[in-house]
Structures are given as C-alpha cells and as structure tokens.
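Keeping their order, the protein sequence lines are chains A and B.
When we follow the numbering used here, the leftmost residue of the first sequence carries the number 129, and every step to the right adds one.
When we follow the numbering used here, the leftmost residue of the second sequence carries the number 129, and every step to the right adds one.
Keep in mind that the hints are not guaranteed to be accurate.
Pairs count within a copy or across copies, as identical chains cannot be separated in the list.
Said to hold, decoys possible - Under the rule of at most 25 Å between Cα atoms (straight-line distance), these lysine-lysine pairs were calculated in the DSS-like manner:
#1 K183 / K152
#2 K242 / K376
#3 K441 / K470
#4 K156 / K183
#5 K441 / K481
#6 K470 / K156
#7 K376 / K355
#8 K355 / K372
#9 K353 / K242
#10 K297 / K353
#11 K541 / K297
#12 K501 / K464
#13 K464 / K481
#14 K481 / K242
#15 K444 / K156
#16 K152 / K470
These are computed hints drawn from the structure, not numbers from a lab.
2 protein chains.
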Amino acid sequence: MALIVHKYGGTSMGSAERIRNVAKRVAKWARAGHQMVVVPSAMSGETNRLLGLAKELAPSRTSDAYHRELDMLAATGEQASSALLAIALQAEGMASVSYAGWQVPIRTDNSYTKARIESIEDTRVRADLDAGRVVIVTGFQGVDAEGNITTLGRGGSDTSAVAVAAALKASECLIYTDVDGVYTTDPRVVPEARRLHTISFEEMLEMASMGSKVLQIRSVEFAGKYKVPLRVLSSFTAWDIDIKEEAKSGTLITFEEDEHMEQAIVSGIAFNRDEAKISVLGVPDTPGIAYQILGAVADANIDVDVIIQNVSKDGKTDFSFTVNRGDYARAIEILKERVIPKLGAHEVTGDAKICKVSIVGIGMRSHVGIASKMFRCLSEEGINIQMISTSEIKTSVVIDEKYMELAVRALHKAFDLEQVPA
Amino acid sequence: MALIVHKYGGTSMGSAERIRNVAKRVAKWARAGHQMVVVPSAMSGETNRLLGLAKELAPSRTSDAYHRELDMLAATGEQASSALLAIALQAEGMASVSYAGWQVPIRTDNSYTKARIESIEDTRVRADLDAGRVVIVTGFQGVDAEGNITTLGRGGSDTSAVAVAAALKASECLIYTDVDGVYTTDPRVVPEARRLHTISFEEMLEMASMGSKVLQIRSVEFAGKYKVPLRVLSSFTAWDIDIKEEAKSGTLITFEEDEHMEQAIVSGIAFNRDEAKISVLGVPDTPGIAYQILGAVADANIDVDVIIQNVSKDGKTDFSFTVNRGDYARAIEILKERVIPKLGAHEVTGDAKICKVSIVGIGMRSHVGIASKMFRCLSEEGINIQMISTSEIKTSVVIDEKYMELAVRALHKAFDLEQVPA
Numbered sequence: 129m130a131l132i133v134h135k136y137g138g139t140s141m142g143s144a145e146r147i148r149n150v151a152k153r154v155a156k157w158a159r160a161g162h163q164m165v166v167v168p169s170a171m172s173g174e175t176n177r178l179l180g181l182a183k184e185l186a187p188s189r190t191s192d193a194y195h196r197e198l199d200m201l202a203a204t205g206e207q208a209s210s211a212l213l214a215i216a217l218q219a220e221g222m223a224s225v226s227y228a229g230w231q232v233p234i235r236t237d238n239s240y241t242k243a244r245i246e247s248i249e250d251t252r253v254r255a256d257l258d259a260g261r262v263v264i265v266t267g268f269q270g271v272d273a274e275g276n277i278t279t280l281g282r283g284g285s286d287t288s289a290v291a292v293a294a295a296l297k298a299s300e301c302l303i304y305t306d307v308d309g310v311y312t313t314d315p316r317v318v319p320e321a322r323r324l325h326t327i328s329f330e331e332m333l334e335m336a337s338m339g340s341k342v343l344q345i346r347s348v349e350f351a352g353k354y355k356v357p358l359r360v361l362s363s364f365t366a367w368d369i370d371i372k373e374e375a376k377s378g379t380l381i382t383f384e385e386d387e388h389m390e391q392a393i394v395s396g397i398a399f400n401r402d403e404a405k406i407s408v409l410g411v412p413d414t415p416g417i418a419y420q421i422l423g424a425v426a427d428a429n430i431d432v433d434v435i436i437q438n439v440s441k442d443g444k445t446d447f448s449f450t451v452n453r454g455d456y457a458r459a460i461e462i463l464k465e466r467v468i469p470k471l472g473a474h475e476v477t478g479d480a481k482i483c484k485v486s487i488v489g490i491g492m493r494s495h496v497g498i499a500s501k502m503f504r505c506l507s508e509e510g511i512n513i514q515m516i517s518t519s520e521i522k523t524s525v526v527i528d529e530k531y532m533e534l535a536v537r538a539l540h541k542a543f544d545l546e547q548v549p550a
Numbered sequence: 129m130a131l132i133v134h135k136y137g138g139t140s141m142g143s144a145e146r147i148r149n150v151a152k153r154v155a156k157w158a159r160a161g162h163q164m165v166v167v168p169s170a171m172s173g174e175t176n177r178l179l180g181l182a183k184e185l186a187p188s189r190t191s192d193a194y195h196r197e198l199d200m201l202a203a204t205g206e207q208a209s210s211a212l213l214a215i216a217l218q219a220e221g222m223a224s225v226s227y228a229g230w231q232v233p234i235r236t237d238n239s240y241t242k243a244r245i246e247s248i249e250d251t252r253v254r255a256d257l258d259a260g261r262v263v264i265v266t267g268f269q270g271v272d273a274e275g276n277i278t279t280l281g282r283g284g285s286d287t288s289a290v291a292v293a294a295a296l297k298a299s300e301c302l303i304y305t306d307v308d309g310v311y312t313t314d315p316r317v318v319p320e321a322r323r324l325h326t327i328s329f330e331e332m333l334e335m336a337s338m339g340s341k342v343l344q345i346r347s348v349e350f351a352g353k354y355k356v357p358l359r360v361l362s363s364f365t366a367w368d369i370d371i372k373e374e375a376k377s378g379t380l381i382t383f384e385e386d387e388h389m390e391q392a393i394v395s396g397i398a399f400n401r402d403e404a405k406i407s408v409l410g411v412p413d414t415p416g417i418a419y420q421i422l423g424a425v426a427d428a429n430i431d432v433d434v435i436i437q438n439v440s441k442d443g444k445t446d447f448s449f450t451v452n453r454g455d456y457a458r459a460i461e462i463l464k465e466r467v468i469p470k471l472g473a474h475e476v477t478g479d480a481k482i483c484k485v486s487i488v489g490i491g492m493r494s495h496v497g498i499a500s501k502m503f504r505c506l507s508e509e510g511i512n513i514q515m516i517s518t519s520e521i522k523t524s525v526v527i528d529e530k531y532m533e534l535a536v537r538a539l540h541k542a543f544d545l546e547q548v549p550a
C-alpha cells in the first residue's frame, strides 16, 4: 500500500461526465490498496470566466487590494471542482472529503496572484487517509498568515500537487494532463518527436521554463527540492486500463543520475515565441549598470529571461535582455522614462518578433562541442543568431521568429532525437 | 454617520453591469458618510448551476458527507460575487475588502445545508470599517467548529445580513430585492394589493412563513430577536436616486407596537399552495399519540405545518396535518410502513391538491369576530373549509387548491385592504 497523489487538469474536470471518469480512475487506484490524495484544477474555462468578469468591472487595476479580491474570486473554481469530485467519488461508493487550501491548511506568503507555499499541515489529511477516505485538496491556492486566500498563479495546481506529495512523503505524484508525456520537442512542429520515458529533473526544468507547458516550472522546482517522484501522463486513456500499465505510462521525472537510463547527450529541443528582445545602447560601462537598468524593470514586476552584456568599447557598452512579449511595451516605456535620462545612454531599441530555441540535455555536461554543433546546424539553414545564452545543460539562441519551426526541425534531426538512444 | 448593512439578492448581482450598479449605489451611501457593510447573494443562476452538477453526479445521496460537499460547492457562488463586488467598488474609487463566512468568522453549528448561526466575530470587520473600507461579507455561509464550510439554506443571505447587522449593532439593515416592499397580498393575484409602509415583526413572520418569499423567515426571527430595524426595498430603482428618498422607500419591519402606525386590524393575506394534507384515521386516543405519529415524520426531516386533532369518539380519533408538497409521498410512505402497523390505526389518507390561506394582523389581538368574518366571506363564495388553525395574529384555513385565487381576492376585499387605513 502506497500513498499516491493524483493531479487532474481543467480539461479532465471539464464536465460532470469527465469528473465521473476521474472519480472512477481514482476509485480504481484506491481499491488497488493505495491511500489516495487528489488535487484537481478548476473546470476548464471557469477561471477565465471569473477573471473575465473581474476585468469587465475593473479593466486596469493593479493594487494589492485588487489582487487580493482576484484570489478570492479565482480560488472558487478549484473549491467547486474539488467538492464535485468528492461527490462523484461518494457516488462511486468511496468515502471522500474535500478541503480548500485554507482548511488543510496550505500556508503561503501574501503575494496575491503568485503566492509561494511556505508550509503544509498534514495532520487533517493523514487522519482522513487513515480513516479510509480519499482526500481531495483544492489546487492553486492557500492561505496567508492573516487568513487571506492566496493563489499560486496560472498552472499553480501542479505546484499544489507536488507540495502536498512532498508534505505527505507520497510514493509518487501523478500529473494527469492532456498530453501523454514529455516529448523531445513539440510534436506539432516536429512530427517525429518522441516521448521520453524518463527525463532528469534539471532537463525538465529547462524544458518547462521554455514554455513546453507540460508542467508549471515551480512544481518541477518543488519536486526537485523535495525529491518527489513525478510522472506526467495522459488523462485521456480509458479509466479502467490496467493499473500496472498505467503506473508505467507517460514520462517519469527522475532525480538520481543513475536512474537516467537514456544516455542521449541532448534530450530535447525547447522553444518559446512569447519573448521580446530589448537593447540599451551606449551605456557607460561603470559598476552597478546592470542593476540600474534591470532594477527598474524588476520593480515593475517584469520578468527578465536572457541577459547579455557585451564587452565595452570606448567606455560604453550595449546591454540586451529578453522579456515576456506581453511586458514588452511597458518595459520600453519604463526604460525611456526612468532609466535612459539617468544613465545618459544613447538609445533603447527592441524587437518583439523574435523567438528563443534551446537544446537541453544533461549529457552536455560531459560532452564538448555540443553548442558549436548547434550553431553549425543553424548556419547551414541560413538562420542568423541574435543572442546566445548557455547554462550547464542548455544552450539557447534568440533568432528571428519566422525561422522558429525550421530551426527546431533542423536541430531535432541534427541531434538524432527521433531515434531511441542505444 | 451610521453603520448600515445592505443586502443584495442574486438578480441584483446577475451580471457585471448589475454588480457595477450595486457598487455605485453602495458608494453613494458611503460617500454620504455611512459605514457600509454589504452582503451579496450569488449571481442569479449560479447556485442552481452548481447544485445541478452535483445532482448529475450523485442523483440521490443524502449522507452527511455528501451535504458537507454540497456546502463546499454552493458557498463558492457567494464568495465569487462578493469578490466581484469588492472589485467593482474599488473601480468606483472606494476602498473595499471581501470576507468569506469563515474569514469573519461567522460561526454556525454543523448542520450542513441548513446550518444555524451561533456567533459572529466583529473585530476584523470593525477594523476595516474604521479604516474607511466598505466591507463585503459573503451571504449564505459560515464555518463550523471543525473548520468545515456550512450554508444556511435557500435564502440564507437574508439571515446572514440580519445577523451581521445585529453583531455590528447596525442602525438599519436594508434588504434590496426584486420587489419594492411587502404587500397586503401578492399583486399577481390581487391587482389592488397595496404596499405597506410598515409591518410589525410578528406580522412579517406570519407573512414570510406563508411563502410570500420576500424574506427568509429565519432572517425575520433573527431581526426580531436582536431588534434589528429591517427594510425591504427595490434594487431596481436608479442607483443615483436621492438617498433620503431611498432611505424611506420600501417596507420597514418594526418592533415597537407604538411604531405601528397603520391601525388596520388585518394587515395582509398570505397563501401557500406548496402544502399537502395527511390524515391518520381511527387512531386510539391514548397519551403520546401525536408524538408517535409526528416523531417518525420529524425523524425523516420533514417539516409539519398545521396540526389538527379532533375530539375522540369511541376511544378513536382522527389526526391531520400538512407538510410541504415535496415531502408528501415520503410522509405517506413513512406512516404506512412505520406508524400504522404499530398504532393499529385504520388508514392513512391524504390530499396534495390543497392550499392554505391566512389572514394576518396584529390588530386581531384586540378585535373579536375577525375569524368569523373570514369564514362568512369564504362561505359566501361557496368555498368549503377543510382545516382551520389559529394563532394570536393569524387565522389560516386549508381549502381546495382551485379556490385559492378566489379566496384571496374575496378576503382582500372583505377586509378593505386596498384602502390605506385611516
């Protein structure tokens, strides 16, 4: 008998019929002798419906008081789906109880709309499990020290599930989603893309951060920190498939290097067209420059991804970085209004029509020449590289958006990703 | 400067546009110098939508565990509408914060789906009011001693509003609804029905319990117990009508006899066609009979309204009572299975096609002959009376359902209710 956490996305919870299927699947696992905790997302469309109403009422608010209310509002979606799942399980003959984040409680900081989990109390959930109940815990939300409801940001239910699994020392956390695992790259771009049976935690982190959107990145960080075995698998299989087969399906995210059975140097190609590039030209090359530029941007709560500073010439340097495309106009405005006048920099330029393509692989640590192979492949396709950024297990390039699919396909082929590694 | 509680029904909260109008109205009251607490219902249709999903998943469950989940589910409707109203108020430039029942907290017993309020903590709300914020408190819900969400039953938001007003010692509790006050009877049945400017608490209790549906009966009981001045008024007036005019509109429910300015003997005609009549015939006339019959019915959570036991003949008596029509079949079944065999009663008969018509008036206390005037009026219309029940300020008759409108119209005329009393 193991303690297992299941997480179901909004599509899996999208109607009474689908909730009933989730209940049947969970009941199957419980009847196989497992202690079951389930973390559901809101029914698909529900969060957007609620936030749409808020936007209709207050098109452009940003205050803390406003964000507090957004969290009160959005948290209802998961509370409703959790209660419905508990009801569906009861109808299947399984004792079941649902808890909102504040009831567990899942304690967070007070950063409304993007709170971070600080601790999870396991007493109440454990008592229910020991009493033979399936426990449903609302995803996406928690409670701060003053008793205000907080939410964890989009996709936060993944993080909730992993955090609950960590707190309960669960044997495995299964993330049921609308894809059947993690692929070498997006199969819509490269039809030959192959599902990985395992991927290392660090690789998954790089893939997730590039917008592969299979898992919220913070859930992967959490899983890494607490060594929660995490499996991504499809919620579209029949609920009554053989449980042993189901337990091996999808992609397992591993934490031990020796579990990493596939010895590929590069595991996957990630890409992201949601970014924009900004350059501040002719910046005086003095200490504290990076902070002066990025501090103003960070103060406006704009995330910065790739950052590049070239060597200086005549005491001046060029400073470039990428931001989410949605923040592009605001970042440019902040720089022009607050940074340029103080710095005496020449000018701010930018380009919203770029994309980022990355090769990701834990094998890169011990293999040289991987980056240059990437650059040669792109060069052979006539693709100009605008920015380069590297980490131990990733090499990213920023290129013109129009070359994205071409670059991804060429790299997938160059690194033989359609082949199962020997 | 007064502390005022507003309560808005689901229709008033039915869309973003309507929520904005509520916010403008509340902001007007706040700008006039009042400390404002607002209790909204869920957006119209929302509670039915949620409970419909539950019913789809579990058509016929009745366990405590199930009712607990129904409350988790239904409570989300008010949490969402409360957050939306806070957002709308912020957009109007008013500082505002919303609290779910458990955050106030509003403590209740643990009778899921029909919990009773035990206490309300006022510290948090008062601190916000003193800081100049409009406070939104979710209607309809509270939290039990174990931290489970409870709901107060249909229409429970009225009770929430009155209870909050009592806890805060508010100057007045204004119930905004889709009617503009309490009428001498339903204007759809009697076009000459007249709006009452004031009605006594006791009369209102009798009117509400008869299904006039203007206010949940428990809210009136609560208002009576804590002497909360309660006003029922229309939410369909323009939000910017003169506040002095608005403050005098609708119907005020009074608690002091000397406030009762309208000296009519009968204030209104109430009626209810949601009942059914059951008779147990040939019951041995021994002590404890009423309990043996009604105890079994009450154990099944069926409310009993009118109860009549005739004088006995040959040691046998007939025992009649009315129940909600929805409980009729189940009540008959319980009697046939559990009561008749034990009692040795002859038979159970019933009639679901009945209605109850009542005349209500505090003036009846000091005037004789009111009941007989009622019976004469019905007799002149050829309406047979099946059951009679009286209280200090009410006389009710059970008659054939088909005569309901005729009886109401005749009585309204007989007691001169279309005339403003001298």
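Worksheet entry | Unsatisfied constraints (hint numbers, rising) | 2, 5, 6, 11, 12, 14, 15 and 16
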